[in-house]
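Asks: Take a look at the letters that make up each chain.
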Amino acid sequence: MSDSCQFRSSSLGIPRKCSYLIYKGRGVSKGVGRGRALVTEEPISFLGGVDPDTGVITERNHELRGECISGKVFVFPHGKGSTVGTYIIYRLFKNGKAPVAMVNKVSEPIVAVGGIIAGIPLVDRLEVDPLSIIKNDMLVEVDGTRGTVTIFDDT
Amino acid sequence: MLKGEKGEATTKAMEILLALGDIYGATRLIPVKSAQISGVSYKNIGDAGVEFLSDLAQKGAKTVIPAFINPAGTDLERPAELMTDGAFLDAQLRIVRAYAQMGVKTTLSCTPYQIGYEPRRGDHLAWAESSAVILANSVYSARSNRESGISALCSALTGLTPDYGMHIVENRVADLLVKVEAPLSDPTEFAVLGSLVGRVAGSKVVALQGLQPDTEAAKAMGAAMASTGAVPMFMVEGFTPEFSVSSSAEKITVEEKDIRTEWQKIDTDSEPDVIALGCPHASIEELRRISVILNGRRMTKPLYVYTSRAIKEEADRLGYTRVIEGAGGRIYCDTCMVVSPIDRLGVKSIAVASAKAAYYSPSMSHVNVRLMPIQKLLIRNSKEV
Numbered sequence: 006m007s008d009s010c011q012f013r014s015s016s017l018g019i020p021r022k023c024s025y026l027i028y029k030g031r032g033v034s035k036g037v038g039r040g041r042a043l044v045t046e047e048p049i050s051f052l053g054g055v056d057p058d059t060g061v062i063t064e065r066n067h068e069l070r071g072e073c074i075s076g077k078v079f080v081f082p083h084g085k086g087s088t089v090g091t092y093i094i095y096r097l098f099k100n101g102k103a104p105v106a107m108v109n110k111v112s113e114p115i116v117a118v119g120g121i122i123a124g125i126p127l128v129d130r131l132e133v134d135p136l137s138i139i140k141n142d143m144l145v146e147v148d149g150t151r152g153t154v155t156i157f158d159d160t
Numbered sequence: 010m011l012k013g014e015k016g017e018a019t020t021k022a023m024e025i026l027l028a029l030g031d032i033y034g035a036t037r038l039i040p041v042k043s044a045q046i047s048g049v050s051y052k053n054i055g056d057a058g059v060e061f062l063s064d065l066a067q068k069g070a071k072t073v074i075p076a077f078i079n080p081a082g083t084d085l086e087r088p089a090e091l092m093t094d095g096a097f098l099d100a101q102l103r104i105v106r107a108y109a110q111m112g113v114k115t116t117l118s119c120t121p122y123q124i125g126y127e128p129r130r131g132d133h134l135a136w137a138e139s140s141a142v143i144l145a146n147s148v149y150s151a152r153s154n155r156e157s158g159i160s161a162l163c164s165a166l167t168g169l170t171p172d173y174g175m176h177i178v179e180n181r182v183a184d185l186l187v188k189v190e191a192p193l194s195d196p197t198e199f200a201v202l203g204s205l206v207g208r209v210a211g212s213k214v215v216a217l218q219g220l221q222p223d224t225e226a227a228k229a230m231g232a233a234m235a236s237t238g239a240v241p242m243f244m245v246e247g248f249t250p251e252f253s254v255s256s257s258a259e260k261i262t263v264e265e266k267d268i269r270t271e272w273q274k275i276d277t278d279s280e281p282d283v284i285a286l287g288c289p290h291a292s293i294e295e296l297r298r299i300s301v302i303l304n305g306r307r308m309t310k311p312l313y314v315y316t317s318r319a320i321k322e323e324a325d326r327l328g329y330t331r332v333i334e335g336a337g338g339r340i341y342c343d344t345c346m347v348v349s350p351i352d353r354l355g356v357k358s359i360a361v362a363s364a365k366a367a368y369y370s371p372s373m374s375h376v377n378v379r380l381m382p383i384q385k386l387l388i389r390n391s392k393e394v
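Residue numbers (the working numbering), protein chains in the order written: chain A, 6 to 160; chain B, 10 to 394.
Because the hints were derived from the structure by calculation, they are not lab data.
Heads up, a few of these hints could be off.
Chain B is nowhere near these chain A residues, computed Cβ spacing over 10 angstroms in every case [stated by the list, open to error]:
1. TYR28
2. LYS35
3. GLU46
4. GLU47
5. PRO48
6. GLY60
7. VAL61
8. ASN66
9. CYS73
10. THR91
11. LYS99
12. GLU132
13. VAL133
14. SER137
15. ASP142
16. THR153
Quick list of in silico lysine-lysine cross-link-like pairs, DSBU-like style, CA-CA up to 35 angstroms [what the hints assert, rightly or not]:
17. A/LYS85 - B/LYS310
18. A/LYS85 - B/LYS357
19. A/LYS102 - B/LYS114
20. A/LYS140 - B/LYS21
21. B/LYS114 - B/LYS71
22. A/LYS35 - B/LYS71
23. A/LYS35 - A/LYS110
Cβ atoms here follow ideal geometry from the backbone N, Cα and C, with glycine treated the same way.
The shape of chain B in the complex, shown without the other chains:
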């Protein structure tokens, strides 16, 4: 009987993938290496999501490929510190347990590529987190469309995805060429560029000339582009092996003044109640950087740094956590400033270093936003001890 019920879930998943394939003009389903599933925070999917996922788990649905999930609505080990009430925590746990029961790894992170799931060149993936999709395509030369939570889950249960969009080599060509004539160094500056470009690009693949992003900068820029736009992939001349621009591509130039204007558009110039870093989830390098800046200093405002549990454990071992928390900061896992109800903490205004966080926070958490590079944010809001 259990087998029959598991079959039912797989059949539904297949039906969904075929319908989606039909909508997007795919002619076949292809195997994928892994699935990254969004739709995890109770704040986002609500009771409807809890019910659907619990029903599915109860029917015996099981993953057939490595699958992992996006952040939840709270730190599951320190919910009280984030003012998570009992009802929210219960609902959140039901969601995470339903995924676990289906065989999904409860990574609760938007950065699977930082915690052992780095895609390899040419891998087909069904990832849903937009900032991870754009990096998988752009930095790792893997292939993923911007999946929804449910389509990624269907891929996890079947090992398949419809063959369209970024899975097809001919589509991995830029339709927008951006010539950057502004000196960019800090990841936040790259993020502001990403924010501007995403709005122009819509869902186009973007090619960029005149910049040299490092890993952190590429991550920040990609996350922003995938927020203000639906950009699945960017290419940087001299950086991306697949660099290819369509002959009919739209061309724009971005100058320093455009970056400044974009920055002013994002930044509300409000006095922040809280400093929030780690959107997307902080890497070990970012935590190292924060600990170096905060060494011998004390925060004058609350500092929340969000990361995955795996990276936090590494930071614990390396002593970064001790420095950051010793300076009055807190490192939270499993969640982030976008998907947790940060307004419950009485926060009216947050300062961030991420253009993605700056884009989503006003609408999703009803707070004002200050956008600044990490160094400036931390120095401004701490003092020497």
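Chain A with its partners taken away, still in its complex shape:
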């Protein structure tokens, strides 16, 4: 699926000479978001696990504890814990601390609804396992309207 991306790159403001891979999935929350990936294999509880004022992960024993999800494409298997986590995602958005997009293996209601009410593009059920192909700091574009995830090689 590798291809040149001259047309897209000019509109998205990324280097003209690069390649990209597009993966199909299911669009859960509409819109397009692009940024650097922050990836974890561990599910996350937004209530009590992410500080809504800073976007920093605070969940005890989480491998990403101390990392900030703001402005990132946050890639994780699915949410867990209290359904109030949905409101925390909304609050991150209101505080300007939300991720630019999210990718799940399979979304559950907490994150799916949080993504929709906060307008954060969210795609799940990719044709490949997102946790094995997306690495930290990769440039990723999530199109929740089309249900696609594009990974750019800009190194």
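Given the structure of chain A, go ahead and fit chain B onto it with the hints provided.
Replies: Just chain B now, kept in the frame of chain A:
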């Protein structure tokens, strides 16, 4: 402009319901008769919830079907008695007003079926309060999944819910069959059974043989099952018209000793600071019972009884309130021991008659719990006058 903004909220609500339907494998949305919304107490939803609901109300979101809400974090008419500080009360009022502005009835109760919203057989509902959902399915033969606060709100704004789970007749079949070989009479005993069964059942529909619960017992047992487990529905042989057990159902037997063991697991044997009744919200029958026990007695410890405002008004008219409060008890409305910050009252240990309250209080209110039947609790903690 207002119309356009209202449209925006409805569009979002629809988008959420479609996404949820997709997650749960529904192929369509179906109309519902009413929506019961959780996520009301400021203690639970915090500033994030206040902000979301206020924004939604401001955008002009309006309900299109009867909708009502769960208890809040304090008695809105007697907040000072529950040591509610000004900031908490302000935030709580913002939440309740946002719901009211959207056209939601501010019932502030977990028992809509006791205050004029009894579902009818076959009604499709979008209810969120787990103890009300299980009763709606099990006792009223209505159909509701265990909704979240937001999904129920989306149903209130659109009149629709995804068609899956308990809405589909084929799914209303028990996957766990419980043979009960223990004599149960008091609602608290049924609640202990519910607590045990819920833990085994997980999210299965449960069938029970060998018991005859009355309304109060069914309510107590269902609330417990929906707390320790995610049970959407129970069926009692000879009691539930829809009784139906899957041929591959898991089978267990519960004996008297199992009930005793479960009881010991819940009960911490601590000396209670406060007696708290009304989880789920007390019915008029429960208030009558409490007033009969307390007639001519005086509490030696504080007694809080939680109910809906509508039931309290009935108790006022019938004289039950006078007897209960005359004996030193207090009847609080709009809230309960689980969703109000009871630890703010300096309470370290509470005694309850509800297995649901016993399940949630240690984690949500950081208190120790004693579990006893109402009669025993009240007699032990009062004296004749």
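Asks: Beyond 10 angstroms from chain B, beta-carbon-wise, is A/GLY60?
Replies: 13 angstroms, holds
Asks: Decide if the proposed pair is consistent with the structure: A/LYS35 and A/LYS110, CA atoms, cutoff 35 angstroms inclusive.
Replies: Distance of about 17 angstroms is within 35 angstroms: holds.
Asks: Given the hint that A/LYS140 pairs with B/LYS21, test it: the Cα-Cα distance must not exceed 35 angstroms.
Replies: 32 angstroms, holds
Asks: Over 10 angstroms from every CB of chain B: does A/GLU46 meet that, or does the non-interface label fail?
Replies: For A/GLU46, whose nearest Cβ neighbour in chain B is about 21 angstroms away, the distance exceeds 10 angstroms, so it holds.
Asks: Tell me if the straight-line CA distance from A/LYS35 to B/LYS71 falls inside 35 angstroms.
Replies: Measuring from Cα to Cα gives roughly 23 angstroms; hence the hint holds.
Asks: Checking the smallest CB distance to chain B, is A/VAL133 really beyond 10 angstroms?
Replies: For A/VAL133, whose nearest Cβ neighbour in chain B is about 20 angstroms away, the distance exceeds 10 angstroms, so it holds.
Asks: Does A/ASP142 clear chain B by more than 10 angstroms, comparing its Cβ with all Cβ atoms of that chain?
Replies: Answer for A/ASP142: holds, closest chain B Cβ roughly 29 angstroms.
Asks: Hey, is A/LYS35 genuinely clear of chain B, shortest beta carbon separation above 10 angstroms?
Replies: Incorrect as stated: the minimum Cβ-Cβ distance to chain B is 7 angstroms, not above 10 angstroms.
Asks: For A/THR91, is the shortest CB-to-CB distance to chain B above 10 angstroms, so the non-interface label stands?
Replies: 6 angstroms, violated
Asks: Taking only the CA atoms, is the gap from A/LYS85 to B/LYS357 under or equal to 35 angstroms?
Replies: 30 angstroms, holds
Asks: Once the closest CB in chain B is found, is it more than 10 angstroms from A/ASN66?
Replies: The claim stands: A/ASN66 keeps its Cβ more than 10 angstroms from every Cβ of chain B (closest is about 18 angstroms).
Asks: Does the no-contact call for A/PRO48 survive, Cβ to all of chain B over 10 angstroms?
Replies: Holds: least Cβ distance 15 angstroms, greater than 10 angstroms.
Of the hints listed earlier, those the structure fails to meet are numbers 2, 10, 11, 17, in rising order.
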